[in-house]
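**Student:** Letter 8 of the sequence shown, counting from 1, is numbered 8 in the UniProt record's numbering, and no numbers are missing.
Please keep in mind that the hints were generated in silico from the structure rather than gathered at the bench. The structure displayed is predicted, hence computed values, not measured ones. Just so you know, even glycine gets a beta-carbon here, dropped at the ideal spot from N, CA and C. Misleading hints may appear alongside valid ones.
[Unchecked claim] Derived Cβ-Cβ restraints for the label pairs, each shown as a range: (1) Glu36 with Met1: 44 to 54 Å; (2) Thr11 with Asp35: 30 to 40 Å; (3) Ile23 with Glu2: 25 to 35 Å; (4) Phe42 with Phe3: 50 to 60 Å.
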Amino acid sequence: MEFATLHSILTVILFVGFVGLIIWAYGKGRKKDFDEAANLVFDDEPELTKPEQKQKQESDHE
1 MEFATLHSIL TVILFVGFVG LIIWAYGKGR KKDFDEAANL VFDDEPELTK
51 PEQKQKQESD HE
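I would like the entire structure built from these sequences, with the hints used as guidance.
**Tutor:** Following this line, the structure appears as structure tokens:
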């Protein structure tokens, strides 16, 4: 087999892999996972359940 033939086959395989990766990344089934990953930054913030706690926290910062 010639080098050009091997090169062409490799190019087609890589192109098909790239298209598959794009379909996987932008598929509807992945949206939930990516949204959860995007919001991981905010998970360490404490959740306030009562309005009194929020006022207390604001007064602590002053």
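**Student:** Evaluate each hint against the coordinates.
**Tutor:** To see whether the hints hold, each was checked on the structure:
1. The hinted range of 44 to 54 Å is satisfied by Glu36 and Met1, whose Cβ atoms lie roughly 47 Å apart.
2. The beta-carbon spacing between Thr11 and Asp35, approximately 35 Å, falls within the hinted interval of 30 to 40 Å.
3. Between Ile23 and Glu2 the C-beta distance comes to about 32 Å, which sits within the given range of 25 to 35 Å.
4. Here the CB-CB span from Phe42 to Phe3 is close to 52 Å, well matched to the stated 50 to 60 Å.
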